[in-house]
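Enquirer: Take these sequences, add in the hints, and give me the full structure.
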Amino acid sequence: MHTEETAQVHVVPADKEKIKKIWMTAGILGLVTAIEFVFAFTMAAGVLRTSIFVGLTIVKAFYIVGEFMHLKHERKVLIWSILIPMIFVVWMLIAFVYEGASVFEARF
Amino acid sequence: MSATATTIDTGKSVWDGGQPPLKASYGKLMMWFFLLSDAFTFSALLITYGMIRFAHPAYSGTVEGFTFSQEYWPIPEKVFEAVPFLHGISLPLVFVGIMTFILIMSSVTMVLAVEAGHRMDKKSVEKWMLWTIIGGLTFLGCQAWEWSHFITGTGGGGASLSWNEYGPPDFAALFFFITGFHGTHVFSGVLLNFLIYYNTITGVYERRGHYEMVEKVGLYWHFVDLVWVFVFTFFYLV
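Protein chains in written order, with the working numbering: chain S, 1 to 108; chain C, 1 to 238.
Hints in this document: simulated from the structure, not taken from any laboratory.
Glycine included, every Cβ here is placed at the ideal spot set by N, Cα and C.
Careful, some of the hints might be misleading.
Stated by the list, open to error - The following residues of chain C were derived to be distant from chain S, with all beta-carbon distances above 10 Å: (1) Met120; (2) Glu126; (3) Ile133; (4) Ile134; (5) Thr152; (6) Ser162; (7) Phe177; (8) Gly180; (9) His185.
To be verified - Quick list of in silico lysine to any residue cross-link-like pairs, SDA-like style, CA-CA up to 20 Å: (10) Lys123/C with Ile84/S; (11) Lys18/S with Met105/C; (12) Lys18/S with His118/C; (13) Lys78/C with Val38/S; (14) Lys18/S with Lys122/C; (15) Lys78/C with Ile201/C; (16) Lys216/C with Leu191/C; (17) Lys23/C with Ala44/S; (18) Lys72/S with Met30/C; (19) Lys123/C with Pro13/S; (20) Lys216/C with Leu78/S; (21) Lys123/C with Ile201/C; (22) Lys78/C with Gly65/C; (23) Lys23/C with Gly46/S; (24) Lys21/S with Gly158/C; (25) Lys78/C with Gly61/C; (26) Lys78/C with Lys76/S; (27) Lys72/S with Ala61/S; (28) Lys127/C with Gly61/C; (29) Lys76/S with Lys28/C; (30) Lys216/C with Asn199/C; (31) Lys21/S with Val9/S; (32) Lys21/S with Val77/S; (33) Lys23/C with Gln8/S; (34) Lys72/S with Trp23/S.
Expert: This is how it looks when you write it as structure tokens:
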């Protein structure tokens with residue numbers, strides 16, 4: 001019975017445009033990583049360089065989550081129910097880095 | 001007659017169970033929310049790194065004049081500058097760059113597997129899943145090398161959870177925790193990918209009529225790649 005079903009499976013040919021878009025996204029991710037490397041070796045460490053790194057990381061995260069994980073094309077409610085809780089992470093980051101600086105002040 | 005869960009009236013409204021509310025299946029939604037909670041765990045680890053780093057003195061001299069010391073936090077490009085088979089040559093962050101590239105590529109092959117699944121193309125799903133598994137295993141191999149190099153050290157005594165030659169004790173502890181937790185995710189991802197590969201070959205999804213399991217495990221695999229992007233930035237670049 002199973003073999004009968006298997007014989008009926010209709011394989012749809014690949015959509016060239018879709019495949020091209022996947023490789024385009026991969027290219028962007030590779031390119032952004034390359035740019036990060038350029039900044040790592042040509043720029044002195046500091047707040048500006050760190051900000052550039054964080055910005056470029058968010059660009060990469062946008063393409064991975066949006067395109068590869070397909071979130072960009074999901075319902076708006078789903079997009080927001082994933083993104084809004086991330087506010088807590090931003091708050092946690094600010095609070096703990098601030099806390100770390102205070103610990104430093106107390107120790108040294 | 002009593003209404004049972006087995007009879008689904010598709011004419012019902014969204015919230016009565018006629019159709020998935022967010023146009024995503026139960027399994028996919030649950031995977032999304034699991035990944036959200038996992039993102040919190042990884043965020044906690046990376047933010048802990050940020051906090052502890054800020055609680056230690058930063059190195060203030062030039063990159064060229066940098067030496068390992070317990071007095072200040074090391075700059076990552078001086079710690080991670082070795083590449084297998086190129087012993088003694090300083091190649092800062094090159095190996096970790098290769099690892100990033102491997103993981104991004106295995107994410108791409110995963111998307112291609114999902115895409116092939118939508119078209120019911122069994123042969124292509126098999127091919128791309130196999131590439132994804134190879135990518136994952138290669139990454140794990142790289143990480144094993146990275147860890148053993150980090151633990152053995154460069155002649156200064158290496159690293160353990162309580163002490164390391166590169167800087168304050170917390171530096172190595174955080175390296176083990178963060179890359180170790182990520183590596184565990186990659187490892188379980190490879191196991192899940194293998195399960196999907198096996199089920200594809202034996203025709204489980206073809207008989208089922210859809211390849212949604214590939215999508216669900218794909219979400220997990222992309223998440224592992226996503227986390228690495230953040231680990232790469234906050235542990236190795238900043």
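Enquirer: For each hint, tell me whether it holds in the structure or not.
Expert: Hint-by-hint comparison with the structure:
1. The non-interface label for Met120/C is inconsistent with chain S: the shortest C-beta to C-beta separation is roughly 5 Å, within 10 Å.
2. Against chain S, the non-interface label of Glu126/C holds: every CB pair exceeds 10 Å, the least being about 13 Å.
3. The claim that Ile133/C lies off the interface holds: its Cβ sits roughly 17 Å from the closest Cβ of chain S, which is beyond the 10 Å cut-off.
4. Residue placement check: Ile134/C keeps its beta carbon more than 10 Å from all beta carbons of chain S (closest about 16 Å).
5. With a minimum CB-CB distance of about 25 Å to chain S, Thr152/C clears the 10 Å threshold, and the non-interface call stands.
6. Separation of Ser162/C from chain S is adequate, the least Cβ-Cβ distance of about 19 Å exceeding the 10 Å criterion.
7. Distance check for Phe177/C against chain S: the nearest CB is about 15 Å away, which clears 10 Å, and the non-interface claim stands.
8. Gly180/C, annotated as away from the interface, keeps every beta carbon of chain S farther than 10 Å; the closest lies near 21 Å.
9. At roughly 15 Å, the least C-beta separation between His185/C and chain S is larger than 10 Å, which holds for a residue marked as non-interface.
10. Distance hint between Lys123/C and Ile84/S is unfulfilled; the C-alpha atoms sit about 39 Å from each other, more than 20 Å.
11. Annotation: proposed proximity of Lys18/S to Met105/C holds, straight-line Cα distance about 17 Å (limit 20 Å).
12. A C-alpha spacing of about 12 Å is found between Lys18/S and His118/C, which places the hinted pair at or below 20 Å, so the restraint holds.
13. This hinted pair checks out: Lys78/C and Val38/S have alpha carbons roughly 16 Å apart, not beyond 20 Å.
14. Distance hint between Lys18/S and Lys122/C is fulfilled; the C-alpha atoms sit about 18 Å from each other, no more than 20 Å.
15. Proposed proximity of Lys78/C and Ile201/C is contradicted: the alpha carbons are some 46 Å apart, above 20 Å.
16. The straight-line distance between the Cα atoms of Lys216/C and Leu191/C is roughly 14 Å, inside the 20 Å bound, and the hint therefore holds.
17. Between Lys23/C and Ala44/S the alpha-carbon distance is near 48 Å, which puts this suggested pair outside the 20 Å criterion.
18. For the proposed pair Lys72/S and Met30/C, the alpha carbon gap of about 18 Å is at most 20 Å, so the pair holds.
19. About 12 Å separates the Cα atoms of Lys123/C and Pro13/S, which keeps this hinted pair within 20 Å; it holds.
20. The hinted pair formed by Lys216/C and Leu78/S meets the criterion: a straight-line CA distance of about 15 Å does not exceed 20 Å.
21. About 8 Å separates the Cα atoms of Lys123/C and Ile201/C, which keeps this hinted pair within 20 Å; it holds.
22. As the CA atoms of Lys78/C and Gly65/C are separated by approximately 10 Å, the hinted pair is consistent with the 20 Å bound.
23. Distance check on the hinted pair: Lys23/C and Gly46/S sit about 45 Å apart at the alpha-carbon level, beyond 20 Å; violated.
24. Proximity of Lys21/S to Gly158/C is assessed by CA-CA distance (about 45 Å); at most 20 Å being required, the pair is judged violated.
25. At roughly 13 Å between alpha-carbon atoms, Lys78/C and Gly61/C fall within 20 Å of each other, so this suggested pair holds.
26. As the CA atoms of Lys78/C and Lys76/S are separated by approximately 44 Å, the hinted pair breaks the 20 Å bound.
27. At most 20 Å may separate the alpha-carbon atoms for a hinted pair to count; Lys72/S and Ala61/S meet this at roughly 12 Å.
28. Proposed proximity of Lys127/C and Gly61/C is contradicted: the alpha carbons are some 51 Å apart, above 20 Å.
29. Only pairs whose Cα atoms come within 20 Å are accepted, and Lys76/S paired with Lys28/C is accepted, the gap being roughly 15 Å.
30. At roughly 14 Å between alpha-carbon atoms, Lys216/C and Asn199/C fall within 20 Å of each other, so this suggested pair holds.
31. For the suggested pair Lys21/S and Val9/S, the alpha carbons sit about 26 Å apart, so the restraint of at most 20 Å is broken.
32. For the hint linking Lys21/S to Val77/S, the alpha-carbon distance of about 25 Å lies beyond 20 Å, and the restraint is violated.
33. Between Lys23/C and Gln8/S, the direct Cα distance comes to roughly 27 Å. Violation of the 20 Å bound is thereby established for this hinted pair.
34. Proximity of Lys72/S to Trp23/S is assessed by CA-CA distance (about 17 Å); at most 20 Å being required, the pair is judged to hold.
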